[in-house]
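Asks: Listed below, chain by chain, are the residues.
Protein chains: 2
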Amino acid sequence: MTHLRRNAVLAFAIATVIVTQGAFADEGMWTPDNLPLAQLKQKFGFTPDAHWAEHAQRAALRLAGGCSGSFVSPTGLVLTNHHCARSCVEQLSTAEKDIVKAGFFAKENKDEIKCPEIELNRLDTITHVTDRVKQATVGKSGEAYSKAEKAVKSDIEKECVGSDKEATRCDVVNLYHGGVYDLYKYHRYQDVRLVFVPEEAIAFFGGDPDNFNFPRFDLDMAVLRAYEGGKPAKVADYFPFSKNGAADKELTVTVGNPGGTDRQLTVAELESTRDVDLIPRLFDLSERRGMVTQYRSESAENARVAQNDLFGIENSYKALKGRLEALQDPNVFALKRKEEADLRAYVEADPARKAKYGTAWDNIAKAMTTYRNLEMPFKYTNLAGTKYFAYARTLVRAAAERKKPNADRLREFTESKLPSMTQSLFSTAPVYPQFEKVKFTYILTKMREHLGTDDAFVKQVLDKQSPEALAAQMIDATKLGDPAVRKALWEGGAEAIAKSDDPFIKLAIAVDPQTRQLRKQMEDEVESVVDKNSELVAAARFDKYGTSVYPDATFTQRFSFGTVKGWDEKGKQIAPFTDIGGAFAHATGADPFALPQSWLDAKPHLNLAQHMNLATSNDIIGGNSGSPMINRKGEIVGLVFDGNIHSLGGDYWFDESLNRTVAVDSGAIIEALRKVYKASRVADELQAAQK
Amino acid sequence: MTHLRRNAVLAFAIATVIVTQGAFADEGMWTPDNLPLAQLKQKFGFTPDAHWAEHAQRAALRLAGGCSGSFVSPTGLVLTNHHCARSCVEQLSTAEKDIVKAGFFAKENKDEIKCPEIELNRLDTITHVTDRVKQATVGKSGEAYSKAEKAVKSDIEKECVGSDKEATRCDVVNLYHGGVYDLYKYHRYQDVRLVFVPEEAIAFFGGDPDNFNFPRFDLDMAVLRAYEGGKPAKVADYFPFSKNGAADKELTVTVGNPGGTDRQLTVAELESTRDVDLIPRLFDLSERRGMVTQYRSESAENARVAQNDLFGIENSYKALKGRLEALQDPNVFALKRKEEADLRAYVEADPARKAKYGTAWDNIAKAMTTYRNLEMPFKYTNLAGTKYFAYARTLVRAAAERKKPNADRLREFTESKLPSMTQSLFSTAPVYPQFEKVKFTYILTKMREHLGTDDAFVKQVLDKQSPEALAAQMIDATKLGDPAVRKALWEGGAEAIAKSDDPFIKLAIAVDPQTRQLRKQMEDEVESVVDKNSELVAAARFDKYGTSVYPDATFTQRFSFGTVKGWDEKGKQIAPFTDIGGAFAHATGADPFALPQSWLDAKPHLNLAQHMNLATSNDIIGGNSGSPMINRKGEIVGLVFDGNIHSLGGDYWFDESLNRTVAVDSGAIIEALRKVYKASRVADELQAAQK
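Residue numbers (numbering that gives the first Met the number 0), protein chains in the order written: chain S, 0 to 690; chain R, 0 to 690.
Okay, chain S solo, but in the shape it has when bound (with noise of 0.2 angstroms):
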């Protein structure tokens, strides 16, 4: 799965943006604004105008949470993946009504039920405000360029949102790392609806042991409905959907918004990569997989309280674990470090150059020593994993920081911002104690283990108590888990705050001060000397390579183009296509390997040819999940539920001969929601614009 997760202010480590010389191939996350025309007629004979572009930028959604999807009818209905739509789901089932296994179809739109905390953004415009950004930060360097740089980004984004601050959100966006400041302005829908999602055991068919492999069988789809003014949303740009989908061979786009990926860094961002950010999460991840599925063992509830943890966790472990294998490719390190002396002495050889470039790389492996030393630190003084710490520190901070004027403020208390924000704070989806004592006990297990039984944070915070004790007396005294009580601290500010008696709000107070003077020291000692720094890689990089490529990704809209194809695995040459035929032939009863009674029921009826997943040279990354795929007549061919295990190693480099993204065909979505779940509306709707 290429569900995107990434903790916004750990990013930036591995999502830094630097530009890559010359794209070949299939390769490629191109911006909506730079499309390779040029490329695309001599490899395609494609030959987009500018309305085809601009249609499919708009027909196209982003999933503020993490993922993509498209907009497939003028009446609001979104496709994305079930996996996207995977919190929803639990968030809307209960013990006696577990959706996540039982499915989901609103027979009218009336039964359409609103997701608690999905948000959806369409890109409407893109300016660009490079000159602005740079001429604020000129001459700064550590803490003044951080403050700088933050303070006329909020400016920017406020200008932009105006007085509509619910319908639009505007995000600047650092493309090129730093070569391009470019300003999105997004409409913003978050009353989103459920229409339909199947039953997870065939969204989700072969479970961990098949995610990132291929073939596949998996209907790894949901049917959202955007609202506006409690009504569905109109909406000018959507997709049809194809008649035939896909051919072998035949050029396929996705539009969707890869999260983030790495292929530029420098060989020390990638050596801490490896060693400060890849190892210790798989560690981490690893150990609360364990966890986690012991804990959903022990009874029906707790293994459905507990399986939307666990799917994160096993896929963001599948994930990161690819990528690491790509670093400890011997030949992956030494293509990167042989691109970086070739530019460095690109660089080197010119005074002018050497002068304005050279020292670039020197100071960002500095930064990456500080920040290997800060780091661990900063991670086990966060406290990240529990919902409840989560809530009480955003109310504790937002508190006092929506007190400042909107430059000075934290970049996620922006006014901006503060729509995504209080959408999951005032989120009704369930908080569940049990389970959350379990999370929150390790949390403080890791930090007494990381920081040590002497360290004076961890004294503050656990004083006399075992980790397990305290967990249990603060989840049992704390409020936070209702809604209404997070809305009354918000909106009474700082006075509510200093009164409140909750143990969580009376822990975020305690360590505000130490967790923001790191954060601090991360910003001005490691960040603001990353981007100062890799903008003169970048800039260095565009004196020798020119600026005909793409940027980096930055969970930002992406066009990519490729071709329906398979690969050669070890000699074993893979098929393009599975067809659902081969969901039957590979079930074997036993989870997760176990079709659901609707498939088994509705065989007879079921066109058992029809391609169901097809694997393309798209080059896309986590983010990409419910990307909609289409053909040069901008139809839905296919929906971009995952890649192949190789195409992993695509946050450091693209390999066209093994990269590939995995879809479920147009045809097979068609199928299902006629033959297996009788959902003609649904069907009816997405084929209305075919006739």
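No lab work stands behind these hints, which were simulated from the structure alone.
Just to be clear, a hint being listed does not mean it is correct.
[Claimed, not checked] Keeping only pairs whose Cα atoms sit at most 30 angstroms apart, straight-line, the calculated DSS-like set for lysine-lysine is:
1. S:Lys436 with R:Lys100
2. R:Lys436 with S:Lys317
3. S:Lys463 with R:Lys571
4. S:Lys317 with R:Lys463
5. R:Lys337 with S:Lys463
6. R:Lys602 with S:Lys463
7. R:Lys674 with S:Lys463
8. S:Lys436 with R:Lys445
9. R:Lys320 with S:Lys436
10. S:Lys445 with R:Lys569
11. R:Lys317 with S:Lys436
12. R:Lys602 with S:Lys458
13. R:Lys463 with S:Lys96
14. R:Lys519 with S:Lys571
15. R:Lys571 with S:Lys519
16. S:Lys463 with R:Lys569
17. R:Lys365 with S:Lys320
18. S:Lys337 with R:Lys365
19. S:Lys320 with R:Lys445
20. S:Lys320 with R:Lys463
21. S:Lys674 with R:Lys463
22. R:Lys458 with S:Lys100
23. S:Lys602 with R:Lys458
24. R:Lys571 with S:Lys458
25. S:Lys463 with R:Lys320
26. R:Lys355 with R:Lys365
27. S:Lys100 with R:Lys436
28. R:Lys463 with S:Lys100
29. R:Lys463 with S:Lys602
30. S:Lys445 with R:Lys320
[Stated by the list, open to error] Per the computed footprint, the stretches of chain S lying under chain R, defined by three or more beta-carbons under 8 angstroms from a beta-carbon of chain R, are:
31. 230 to 236
32. 446 to 458
33. 463 to 469
Nothing here was measured: the structure is a model prediction, and the numbers come from that model.
Backbone N, C-alpha and C define an ideal beta-carbon position, used for all residues, glycine too.
With chain S's structure known, arrange chain R on it following the hints.
Replies: This is chain R only, laid out in the frame that chain S set:
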């Protein structure tokens, strides 16, 4: 904790033995027949005679399961760590009487209880057999080399054991990575009884958070007794207790069995150690840690049953993580690369040397590439991690191997190895089916995850079942939890095995051909290539640096010479001693910082200024746990139980400024036995020789 836990078959890649060049300062793990006398005289003014060394050699003991110990009285009293006797203590516990928690003290000899699986080895003689071994393998390579080497070792060991199989153990030991082969002849004790252990709360005070840390306040001790003919063993060599313990800066000697060091591996071996051994093992340990921690939280009985597993997992995790961190230090790899480049340059500089040794490094690197490819199927077809399958495989293979001539058998089935094997096979230690189900499910899940859903071996094992269902079904049906059933199958041999309908026996038979084939490939294509070429590297090293050096550790007896010494921890001086008062000061009342009631009660009577633990500069590693720490008079001044966090990098190099051994002070042992546990019977026996 420095308890040794290594998979014997996998160990080769990380425990390959090569000579290190020129020991300096307190570095060095010296074999008893080659003590660094000149250095001892020069550094410490210490001139032990031959008797001193021979006496110490025979007073010290090896615990065959992976620890060290020593005789401390003429009637067979043995001192080792609580954590070395831990599995025995757990095996002797029941839900009603948990002596891990409560501790144990045998008031009289007749109350001493036999440990089901402890074997003690006293090293009696060392004989050089290098010529005979090398003669047998000369001119051979690959499979032929592997076969010849195994055969000659088996022959030598069988001759050495003679007819006294029960009480004699003989091992051909490969030192200096093929530079030297020695025959180690041990006296074997398998009737070993538990005399005294304190409560785990004080043996492992501070638990995992304080493990590998210092200051420390642990009474990590166990007293056992060796029996022969049903009576306490009479021993001529034992260490008396010192009256006053050790003073700051005093010379301290440890005599123990370091499990393995990798100080002179080639760079290719270190890289595969990092990528193929350490990192995947740490992922596995992390996941099992989460699983077992959660399992233990489910009930008091689960907590008891799984405590030793968790202890072992956490201890290994921390030890291996420390090693990984050493290998992630860019300076360490730079040093290793330089050392290797220097030696290779020396070889290249002379045509004769080049002809003899020149290709060794590249050959090893090639074998490491093979290893990277073979390791995954090799590991996951082993199905290691549940007692049932381990028993079944031993029984199935034994039935086939015991029919063969000694020299043709798999190494672990040769005559000299059988007594250790049957001790654990016939062990009366309880097997807990519910917990084994959890572990077997995990093993099957990982097998499928790593080999893939469509792998032939996976399909053969799982067929159409889920891991959970198959584990439950097989464990419900198996009888192998009963030692009498195992004994009958062992004695019934091939016929009984063929007739058995036990599901684990049937599985072990079914997968035997493939797993033997993979093992053979590993031996022929990796191990024998590494062995043969490492011999060349070792010889080149002898050429360049001469022979006054110590071999990498091999879980055989080594002497280390150091002094009582604190260290500088990032500017903070760490004192070498803690005292009993410190334990009370660090107690919070919450696990793992809760002192047992016995200590709280005894506090008024205790000498709070008595040294509790001490740090020394001795050079030790996992396997040294339980080693006697003696003064120049050969008296016990401490009991080694841990190293500080910096000692973990000691696998790759010894850093005298930071690397420290951690021991229980001899005075704390006596103080606790007399005043906390009223175990004067034991204290008197320990102190008898003082008088």
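Asks: Now look at each hint and say whether the structure bears it out.
Replies: Each hint, compared with the structure:
| no. | hint | result |
| --- | --- | --- |
| 1 | S:Lys436 with R:Lys100 | 25 angstroms, holds |
| 2 | R:Lys436 with S:Lys317 | 25 angstroms, holds |
| 3 | S:Lys463 with R:Lys571 | 25 angstroms, holds |
| 4 | S:Lys317 with R:Lys463 | 24 angstroms, holds |
| 5 | R:Lys337 with S:Lys463 | 49 angstroms, violated |
| 6 | R:Lys602 with S:Lys463 | 20 angstroms, holds |
| 7 | R:Lys674 with S:Lys463 | 27 angstroms, holds |
| 8 | S:Lys436 with R:Lys445 | 27 angstroms, holds |
| 9 | R:Lys320 with S:Lys436 | 27 angstroms, holds |
| 10 | S:Lys445 with R:Lys569 | 23 angstroms, holds |
| 11 | R:Lys317 with S:Lys436 | 25 angstroms, holds |
| 12 | R:Lys602 with S:Lys458 | 25 angstroms, holds |
| 13 | R:Lys463 with S:Lys96 | 29 angstroms, holds |
| 14 | R:Lys519 with S:Lys571 | 26 angstroms, holds |
| 15 | R:Lys571 with S:Lys519 | 26 angstroms, holds |
| 16 | S:Lys463 with R:Lys569 | 27 angstroms, holds |
| 17 | R:Lys365 with S:Lys320 | 25 angstroms, holds |
| 18 | S:Lys337 with R:Lys365 | 23 angstroms, holds |
| 19 | S:Lys320 with R:Lys445 | 14 angstroms, holds |
| 20 | S:Lys320 with R:Lys463 | 28 angstroms, holds |
| 21 | S:Lys674 with R:Lys463 | 27 angstroms, holds |
| 22 | R:Lys458 with S:Lys100 | 26 angstroms, holds |
| 23 | S:Lys602 with R:Lys458 | 25 angstroms, holds |
| 24 | R:Lys571 with S:Lys458 | 19 angstroms, holds |
| 25 | S:Lys463 with R:Lys320 | 28 angstroms, holds |
| 26 | R:Lys355 with R:Lys365 | 18 angstroms, holds |
| 27 | S:Lys100 with R:Lys436 | 26 angstroms, holds |
| 28 | R:Lys463 with S:Lys100 | 21 angstroms, holds |
| 29 | R:Lys463 with S:Lys602 | 20 angstroms, holds |
| 30 | S:Lys445 with R:Lys320 | 14 angstroms, holds |
| 31 | 230 to 236 | violated (count 0) |
| 32 | 446 to 458 | holds (count 4) |
| 33 | 463 to 469 | holds (count 5) |
In this structure, the hints that do not hold are numbers 5 and 31, in rising order.
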